[in-house]
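Novice: Listed here are the chains, written in short residue letters.
Protein chains: 2
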Amino acid sequence: MKIEVNTHYKDLQESYLFSEIGRRVRAYADAHPDKKIIRLGIGDVTLPLSAPVTRAMQKACAEQADASSFHGYAPENGYAFLREAIARHYASFGVTLSLDEIFVSDGAKSDIANLTDLLGDNRIYIPDPVYPVYLDSNIMCGRRITFMPAHEENGFLPMPASDYTTGVFYLCSPNNPTGAVYSRSQLKEWVDFANRTGSLLLFDAAYEAFISGDYPHSIFEIDGARTCAIEICSFSKTAGFTGTRCGYTVVPDLLVSDGLSLNHMWYRRQSTKFNGVSYVVQRGAEAALSPEGFAACLENISYYMGNARRIKELLLAKGIRFTGGDNAPYIWLRCPGGRNSWEFFDYLLEELQIVGTPGAGFGSCGEGYFRLTAFGSRENTEEAVRRLREKL
Amino acid sequence: MKIEVNTHYKDLQESYLFSEIGRRVRAYADAHPDKKIIRLGIGDVTLPLSAPVTRAMQKACAEQADASSFHGYAPENGYAFLREAIARHYASFGVTLSLDEIFVSDGAKSDIANLTDLLGDNRIYIPDPVYPVYLDSNIMCGRRITFMPAHEENGFLPMPASDYTTGVFYLCSPNNPTGAVYSRSQLKEWVDFANRTGSLLLFDAAYEAFISGDYPHSIFEIDGARTCAIEICSFSKTAGFTGTRCGYTVVPDLLVSDGLSLNHMWYRRQSTKFNGVSYVVQRGAEAALSPEGFAACLENISYYMGNARRIKELLLAKGIRFTGGDNAPYIWLRCPGGRNSWEFFDYLLEELQIVGTPGAGFGSCGEGYFRLTAFGSRENTEEAVRRLREKL
Numbered sequence: 005m006k007i008e009v010n011t012h013y014k015d016l017q018e019s020y021l022f023s024e025i026g027r028r029v030r031a032y033a034d035a036h037p038d039k040k041i042i043r044l045g046i047g048d049v050t051l052p053l054s055a056p057v058t059r060a061m062q063k064a065c066a067e068q069a070d071a072s073s074f075h076g077y078a079p080e081n082g083y084a085f086l087r088e089a090i091a092r093h094y095a096s097f098g099v100t101l102s103l104d105e106i107f108v109s110d111g112a113k114s115d116i117a118n119l120t121d122l123l124g125d126n127r128i129y130i131p132d133p134v135y136p137v138y139l140d141s142n143i144m145c146g147r148r149i150t151f152m153p154a155h156e157e158n159g160f161l162p163m164p165a166s167d168y169t170t171g172v173f174y175l176c177s178p179n180n181p182t183g184a185v186y187s188r189s190q191l192k193e194w195v196d197f198a199n200r201t202g203s204l205l206l207f208d209a210a211y212e213a214f215i216s217g218d219y220p221h222s223i224f225e226i227d228g229a230r231t232c233a234i235e236i237c238s239f240s241k242t243a244g245f246t247g248t249r250c251g252y253t254v255v256p257d258l259l260v261s262d263g264l265s266l267n268h269m270w271y272r273r274q275s276t277k278f279n280g281v282s283y284v285v286q287r288g289a290e291a292a293l294s295p296e297g298f299a300a301c302l303e304n305i306s307y308y309m310g311n312a313r314r315i316k317e318l319l320l321a322k323g324i325r326f327t328g329g330d331n332a333p334y335i336w337l338r339c340p341g342g343r344n345s346w347e348f349f350d351y352l353l354e355e356l357q358i359v360g361t362p363g364a365g366f367g368s369c370g371e372g373y374f375r376l377t378a379f380g381s382r383e384n385t386e387e388a389v390r391r392l393r394e395k396l
Numbered sequence: 005m006k007i008e009v010n011t012h013y014k015d016l017q018e019s020y021l022f023s024e025i026g027r028r029v030r031a032y033a034d035a036h037p038d039k040k041i042i043r044l045g046i047g048d049v050t051l052p053l054s055a056p057v058t059r060a061m062q063k064a065c066a067e068q069a070d071a072s073s074f075h076g077y078a079p080e081n082g083y084a085f086l087r088e089a090i091a092r093h094y095a096s097f098g099v100t101l102s103l104d105e106i107f108v109s110d111g112a113k114s115d116i117a118n119l120t121d122l123l124g125d126n127r128i129y130i131p132d133p134v135y136p137v138y139l140d141s142n143i144m145c146g147r148r149i150t151f152m153p154a155h156e157e158n159g160f161l162p163m164p165a166s167d168y169t170t171g172v173f174y175l176c177s178p179n180n181p182t183g184a185v186y187s188r189s190q191l192k193e194w195v196d197f198a199n200r201t202g203s204l205l206l207f208d209a210a211y212e213a214f215i216s217g218d219y220p221h222s223i224f225e226i227d228g229a230r231t232c233a234i235e236i237c238s239f240s241k242t243a244g245f246t247g248t249r250c251g252y253t254v255v256p257d258l259l260v261s262d263g264l265s266l267n268h269m270w271y272r273r274q275s276t277k278f279n280g281v282s283y284v285v286q287r288g289a290e291a292a293l294s295p296e297g298f299a300a301c302l303e304n305i306s307y308y309m310g311n312a313r314r315i316k317e318l319l320l321a322k323g324i325r326f327t328g329g330d331n332a333p334y335i336w337l338r339c340p341g342g343r344n345s346w347e348f349f350d351y352l353l354e355e356l357q358i359v360g361t362p363g364a365g366f367g368s369c370g371e372g373y374f375r376l377t378a379f380g381s382r383e384n385t386e387e388a389v390r391r392l393r394e395k396l
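In order, the protein sequence lines correspond to chains A and B. Under the working numbering, the first residue of the first sequence is numbered 5, with each subsequent residue one higher. Under the working numbering, the first residue of the second sequence is numbered 5, with each subsequent residue one higher.
Hints listed in this document are in silico derivations from the structure and should not be mistaken for laboratory results. Everything numeric in this text was worked out from a predicted model, so none of it was measured. Where hints are given, some of them may not hold.
Note that identical chains are pooled: a pair holds if it fits in a single copy or bridges any two copies.
[What the hints assert, rightly or not] In silico lysine to any residue, SDA-like type, Cα no more than 20 Å apart, as pairs: (1) K14 with T120; (2) K6 with R148; (3) K40 with L258; (4) K14 with D330; (5) K40 with V389; (6) K322 with R393; (7) K322 with D262; (8) K6 with R200; (9) K14 with N384; (10) K6 with E394; (11) K63 with D227; (12) K63 with T231; (13) K6 with N267; (14) K14 with R390; (15) K40 with S73; (16) K395 with A321; (17) K40 with R27; (18) K6 with S102; (19) K6 with F197; (20) K63 with F74; (21) K39 with F197.
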């Protein structure tokens, strides 16, 4: 073929982090079929959908089987019933949104990556380490990228630096992978910086439901955020929807640059390049935000945070430095024995049959660190903790 | 804000065709609440999901309610069980695909639009009239566009012209909106042209299941297509999935340009910017391709084509020129009385309370034409035919 292809793809690293982990785990498992591998790596949930959610989905399936209650094309930005439920969820932490500011989608990953469609050639600021999609989606469109180092000195929470200029800033709080969470005053500093420089904050709140302390769940709890921020969130971790697929993005009415409303642009993007979320899934998501459904979400989150507590206690006992595990399902630890991230990955896989995520996979500042997740079953987490206690 | 936004959005027409139709219909309905409006406009299905599909979805919901059968993140390119079912579907018209060439997604619209991510600055060839997403998604990335006129003289089927050069060519067969369908020899001419010029064909086969005559269901039935074509298809029209959301795209292994494999690029695109289709939906799609499920699909298609026959008979009786309605659920007619497309739209809405789609909305060559769909209920279609017979 002689067509022009997007050669920025040549700038991508060979493989997506979680594919490489999968490859190494499969190779080990094939060679050692007798070993029981415990996966505390990829951030996938293990608890099933709650009864209110599956009841709602089953009911929706039945509606789809009957012409009188059948639903064809959904609104590209989501049914009003779900956007109203999301608005009520935001109201619960004091944020008022209009329904036109809420866009339902098939997940936060899609939205975070597709938001690049709306942007021109800006300087892109990405935390290091961080969820790889921010970086890869920007490499794919050839953007100039500046990393914002996250390390022990700043509590793994990058703040505006004196040499940062107008641009697009990705923030993730509670953070994947470090589990760190921005305080109200830190986010206020970010919002003020963005408004002063005319910058855009892309705020990834996918783990907001895991916050237990007095931290903002939404960037829109901060005065001034409506003129500088887009927020991306998801049912994946809140309600165990990783395999069910539903997320949402909030694009305030007030975001305007070069005469274009980002809210209108995103509506146009989604109505042109997306066709809405399955009716059955939207009914499930609505149920997850009902009083009964949300109580079930919190119960599951409490279960996962019980796993986090067990891992934290072990690390404390072993004297291993770590962050996270309080307001996020992730525990970010310093690899013991001076190992680098992939060395520690291979060590845990081969010696203890535990799969984690090498910190280096999230950025160069993640080298020497390692992520464990609280998303395993209690039984597997306790077994992993036992192995770590005995052998690490 | 001072960030750079994607100013190509300024080049988009004010509103998406179907939004404008919705606006006019709502305005009329609000002013005339007593009138019964019959919608033969937007290409949405009306028959419910079949019993095999909803049974499979209900069963999958139950699996999601139990930790031992719960499914979290799905493979971004779709579960093997569904890709295998799609491969068997292709085998039924003599096309052999490897599972790695099949990518399951949330729908053909997403895939058609997102495929622009893989491409550089090519000349883009788009039929006129055609489904608006091809045009809008390319305007959004600032591409140079050449329209390929479709008119009565070429049977609404553009063929390679002597001045067409290397580029990306969108083909849609059976066609939306004209209902025209390419023959085997016509597609062979396109494939030979593409291979000779190093061009890429993006073949939209969303309506393949409506083909009743001896026409290709897939571009891959044509020798040589594996080195020049990507095919996009969907369960939306085949199995009534407009509100359930599942499609698939076939990217052959052999597509390589500038050292990049388009198959690998699409895998990378989808694994970075998409997170797979809901497990429940994939089980439903699998069931739609089972022997029992596909028989139900064909029964529904037969019902819709019964509607098409009724509309065609009326147009023949009225002496109105039209195409389509044989291998596609669309009937494309010349607006009677010398009206232009929107005049005829307003006339049908206001005088007969029938909603159709103005041909001009699909491109300038659609001016003076009008699209009716066979997706209504039998009762509504017959009522529309009665009104047309008496008043047109």
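Novice: Give the relationship of K6 and S102 under a CA distance limit of 20 Å: within one copy only, between copies only, both, or neither.
Specialist: Classified as neither: same-chain Cα gap 48 Å, cross-chain 24 Å, threshold 20 Å.
Novice: Regarding K14 and N384, is the shortest C-alpha distance of 20 Å or less found within a copy, between copies, in both, or in neither?
Specialist: neither (39 Å within a copy, 54 Å between copies)
Novice: At 20 Å max between alpha carbons, let me know whether K322 reaches R393 within a copy, between copies, both or neither.
Specialist: So K322 and R393 pass the 20 Å test inside one copy only (8 Å; across, 85 Å).
Novice: Classify it for me, K6 with R148: is the Cα-Cα distance of at most 20 Å met within a copy, between copies, both or neither?
Specialist: Only across copies: K6 and R148 sit 17 Å apart there, 28 Å inside one copy, limit 20 Å.
Novice: If the cut is 20 Å between Cα atoms, do K6 and N267 qualify within a copy, between copies, both or neither?
Specialist: between (37 Å within a copy, 16 Å between copies)
Novice: Please work out whether the CA atoms of K6 and E394 approach to 20 Å or closer within one copy, between two copies, in both situations, or in neither?
Specialist: neither (59 Å within a copy, 56 Å between copies)
Novice: I want to check one pair: K40 and L258. Are their C-alpha atoms no more than 20 Å apart within a copy, between two copies, both, or neither?
Specialist: neither (53 Å within a copy, 39 Å between copies)
Novice: How do K6 and F197 come out at 20 Å by Cα distance, when the copy is not named: within, between, both, or neither?
Specialist: between (46 Å within a copy, 13 Å between copies)
Novice: Go through the copies and call it for K14 and T120: within, between, both or neither, with a Cα cutoff of 20 Å.
Specialist: both (18 Å within a copy, 16 Å between copies)
Novice: With identical chains treated as interchangeable, where does the CA-CA distance between K322 and D262 reach 20 Å or less: within a copy, between copies, both, or neither?
Specialist: Intra 55 Å, inter 52 Å, cutoff 20 Å: neither.
Novice: If the cut is 20 Å between Cα atoms, do K63 and F74 qualify within a copy, between copies, both or neither?
Specialist: both (12 Å within a copy, 19 Å between copies)
Novice: Given a CA cutoff of 20 Å, do K14 and D330 count as a within-copy pair, a between-copy pair, both, or neither?
Specialist: Neither: 39 Å inside a chain and 46 Å across chains, both beyond 20 Å.
Hints 3, 4, 7, 9, 10, 11, 12, 14, 18 and 21, counting from the list given before, are not met by this structure.
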